[in-house]
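S.K.: Protein chains in written order, with my numbering: chain H, 1 to 256; chain C, 1001 to 1316; chain U, 2001 to 2318.
Think of the hints as simulated: they come from the structure by calculation, not from any bench.
Each residue gets a CB set at the ideal place from its N, CA and C atoms; glycine is no exception.
Relax, there's no trap hidden among the hints.
Where chain C lies over chain H, by a calculated footprint (3+ residues, C-beta under 8 angstroms):
1. 37-47
2. 52-58
3. 175-182
4. 205-218
The list that follows gives simulated cross-link-like pairs (lysine-lysine, DSBU-like), each with its CA atoms no further than 30 angstroms apart:
5. U/K2145 - H/K77
6. H/K20 - H/K77
7. C/K1301 - C/K1207
8. U/K2026 - H/K77
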Amino acid sequence: MIGRIWAMAVNTAREAVRNKLLYTLLFFALIMMLFGTVLSALSYVDRERMVQDFAFSSIRLFSVAIAVFVGVGLIHKEVERRTVYTILSKPLSRAEFLIGKYTGLVLIIWLQVAIMALFFAGVSLLLGAPLGFAHLAALALTAVELALVVALATLFSSFTTPLLSSFFSCGLWIAGHLTRDLRDHGASSASALVREGTTWMHRILPDLESFNLSLEAAHQLPVAASDVWFPALYGAGYVAAVLAFAVMIFERRDFR
Amino acid sequence: MHSADWRKRGYLRVGLLLIAIATTGFAHSRFETRSRVELGQLQVPSADYVKLWSLGFDAAVADYFWLRAIGVVGAEQGAVEEQGEVLADLIDLVTTVDPWVSHPYRFAAVWLTRDRGMVERGNRLLERAISYHPLDWRNRYHLGFNHFYYLDEQLRAADLLEGAIGLEGAPDYLAPLVARLRSREGGLQVAAAFLVQMIESAEDEYKKAEYLKALDEIQIEERARFLDEARVEYWRRNGRDIEQVTDLLAGPNPVLQRLPRAQMHLDGFEWILDPETNQIVSSFYRIRYQLHESETDRQRKQEWREREAAAEAEGA
Amino acid sequence: MSDRAEIVRVDDLVKDVRPGFGLRVKRILEGISFRVREREIFGFIGPNGAGKTTTLKVLMGLIRATSGRASILGHDVSEISFRRQIGFLPEQPYFYDYLTGREILRFYSKLSGVRREHRERRVTELLELVGLTAAGNTRLRGYSKGMLQRIGVAQALVHDPQVVFLDEPMSGLDPVGRKEVRDIILRLRDEGKTIFMNTHILSDVEMVCDRVAIIVNGRIRYEGAIDEFLDAGEPEADLVFANLPAETAVQLEESFGARLRGHGDRIELRIAEKDSSAALRLALDAGAVVISATPHRVSLESIFLSAVNEAGAEGGAR
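The following block holds chain H by itself, in its conformation from the complex:
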């Protein structure tokens, strides 16, 4: 089973590597980092930190973009182009197929993050900006967030068109960043409906703010191990649940 999933994953990664879109996005991410350097020159304090902030944001922005825009076509494209016919006629379950595709995309996105992180580290060293554990922790949780975003995109991709999938995925990504604050605002509401509604939204939707260590990274604040492990565990569980859901939908599909 692992062998077949791995074969799917490697092939998906190879598709991404041979796809020009990724290089374009990577290129733009690097351009954004340079733009951040220019922008930070407008400030007379904390320039190095601002370069890092903008660079880190570019890493996140472009990785999320890749995760969504490649993720939404991940399954749909296979069905649309009927490549799925020959693959599923092999001794490969639909679950293995879907998990393999997912794994491949996550690996390639992580690789991209790693490349951009190296660039980030290079720029930081060049400017003499500090690099520390908080950066590593923030990157690690960004990686978890990306794995979750890809899982959501894969879920939508398993039953609807890329266009709708991107709306849903982007929407959920945004909502996932709002739920925590919404719950906090909702808690002070006089209406029980709003209170309960915002609480449940926070419980059910992905709590993506839990992966946000951008301020910790920016200011090299101390990060407790539990601030990394629990979000990572939460992310892993959420990914597993979303993929299970995606598999359930995908297994019921007819490829007509």
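Dock chains C and U against chain H, hints included.
M.R.: Here is chains C and U on its own, set in the frame of chain H:
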């Protein structure tokens, strides 16, 4: 088709292209080129709203609004205080989204002096700074300065400065400063000490000049007090008061060899006896300095009163 | 023949689909049943939209039947692991075009569980078999339609399956390509494989298939060995003569019931096969020259057309 037709068509296309470019350029040249700050139209979104929608890009979003804040100050030097609201909103926004920033708090405190309300907003920002950076003496110092210098609250200032004593990088003179504030004595030295530190840390030339002006006034006052002492000596030696300040230099046994400058930087000013109060004053200031009653203070307080009245009238 | 093992078994297969979002249900397979036996080349034929591809997709586990049973090699089609023993070539196959021919075969062989040590050899063999050795390191993006069809055949065979399912294997190929695919199919049969083939190209069926089923409008109309089909009725022969005297022609018509057609100075006549020797002798004696003498077979086409017409008539009556 004939080649002539092709050529005609080519000319047509080039013509259309030129027209399109010209139209675009014309329209673009009519755009408003002044910035929103200059137009006084800068709308600062609510801090809570931006924090909600920062989508995990908190640090970069805070940086962006910090750059806007710098833009407000940089746009038109003299009008910075007029833009107080915008600046206060921007810094509030920056420090709500990223409360771990350090410099913007003091930046706000330095510029938010237009009126009492602004100083109080600046102080609230500094209080937030202290809660996030409890070990940074500078925020406590700025807050103490604001309370002492603008709000005339010496004891509150003393309490704040006391908290800064012994923190890393805190200057040694904080402890005596606190003692003097507590005793309500030596206001002049306290003010001078405060100002010297503020001048040292000021990054902005405009703000620095303002502090220097205040410091000048204190130094002139110190000289005036020295001349008061000389006047007493004159009385003791000659059994009568001076009729003019230059009397201090006159006679076979003059009290002073020469008079200090009556203005720190400008020539053409002298020490005179104020006909009303009979006090020695500089012809530049024409009045003796009193802590919180200085020329700078009076001007500021006058402005504050006018603005408050205007605001009230507007509110009514 | 019927003592051979049943490789594919389909019983009362029904498939309903909802074409839109509404409740309207369309039945595209109306309870079909058939068997494919070991070492057979089974032709599944029918007009476009008859349900051929749907049936094949049910067998490949790509769609689920509404009711009925389908099994391959004794395994229900919803199982996974028996697929190691089957190969599938879909209609107009599309593959990852960013891979080279060699890479795609390697990928499929991994999915099919071909052991690592055999993989490269197997891939090379198949490229050779389908005549793509030279194009093995070219990306599929640069392949022609015919080359894609061949790589499709290769991927269906890469794991050396026992049963091969082909959906329109000859469509989109030039005559040379068709002959090559036909040869591969016959060779597979000789190797002991069982082949299930969807097609509407009847001449191919006549040339390679052992047994056929004709499906029209979601129902099986005929199922049987291809010889049984064609041997139904009295065998006839076609004789073509030149210089056949008119009186001899009349004589042939009268005594043997021959049907005559004239093409210039040539005369073609159709006659019962048992009378052909006597007719030939008579004509030769009369000084005619024999151009050709061929046994006439009932064409699959006529059977096919009559099946479609029958279904059409039923459909009209319904």
